[in-house]
Structure formats: structure tokens, C-alpha cells
Amino acid sequence: MGHDIKVERLNSSILRELSLIFQKEFHDNEVIRSLSVKEVRLTNDLSHAKVFYSHLMDSISKDEVIKEVQMNAKEIRHQLAGKIEVKFVPELEFIYDESLNNANKIEEILKNIKKN
1 MGHDIKVERL NSSILRELSL IFQKEFHDNE VIRSLSVKEV RLTNDLSHAK
51 VFYSHLMDSI SKDEVIKEVQ MNAKEIRHQL AGKIEVKFVP ELEFIYDESL
101 NNANKIEEIL KNIKKN
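Using the working numbering, read the sequence shown as starting at 1 and increasing by one per residue.
Keep in mind that the hints were calculated from the coordinates and are not lab data. Remember, it's a predicted structure, so these values are computed and weren't measured experimentally. Treat the hints with caution; some may be incorrect.
Stated by the list, open to error - No more than 27 Å apart at the CA atoms, straight line, and that leaves these computed lysine-lysine pairs for DSS-like:
1. K24 with K38
2. K24 with K83
3. K24 with K74
4. K50 with K74
Put together the whole structure using the sequences plus the hints.
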């Protein structure tokens with residue numbers, strides 16, 4: 001039971017710190033600054049974390065965002081290492097979360113139905 005609480009606390013801590021890192025440490029990178037971390041899922045052994053994110057700018061394509069995140073993944077992990085107190089910083093796997101985009105599409109469809 002205690003291990004589950006530790007994992008959840010670390011999930012929350014990583015989510016919070018990544019959000020701050022994107023805003024403060026990448027202030028000159030418009031793509032990274034536009035990221036929104038939705039969820040972090042750590043493995044039970046704390047060695048690997050899936051980071052679900054989306055971006056807030058319509059002017060940047062999904063492919064551009066994914067490419068930019070992959071190019072900066074090592075630096076993001078390095079920045080995270082200085083922010084969280086763990087023996088080993090987990091490997092980060094960044095996964096683009098399309099749920100926000102899908103919700104916007106559904107909302108647009110519903111608006112169009114309502115008009116007709």
C-alpha cells in the first residue's frame with residue numbers, strides 16, 4: 001500500500017515539475033513552452049515514466065511538436081533530475097495525447113448540428 005502512495009506522489013511531482021520546466025527552462029522554445037502535461041504514469045519499479053502531453057498552439061502541427069519533444073527529451077530529463085529528489089530519475093517516454101483535440105472536434109460537430 002505504501003509503495004502505491006509513493007508512486008502516486010512521484011507521478012504528481014513529476015507532472016508538476018515538468019510543467020514548470022517547460023515554462024521556465026525552455027522560455028526561448030515556443031513549442032516546448034506550449035506543452036501541457038496531462039498525466040504521468042510511473043512503473044512500479046520507478047524506472048520508467050510515460051508522460052502524456054498535448055500542445056496549446058494550433059499554428060504548430062502535431063508532427064512538429066512530437067519532433068521537438070523528442071529532440072529535447074534528454075535535456076528535459078536532465079532538468080527534471082535537478083528538481084526531484086529520487087535516487088534514479090526515470091526514463092521518460094513522451095506520448096502525445098489527442099484527447100483535447102478530439103474533444104474540440106466533437107464540440108465543433110455538436111455546434112454544427114445545433115445550427116442545422
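* Tell me, in ascending order, the numbers of any earlier hints that this structure violates. => none
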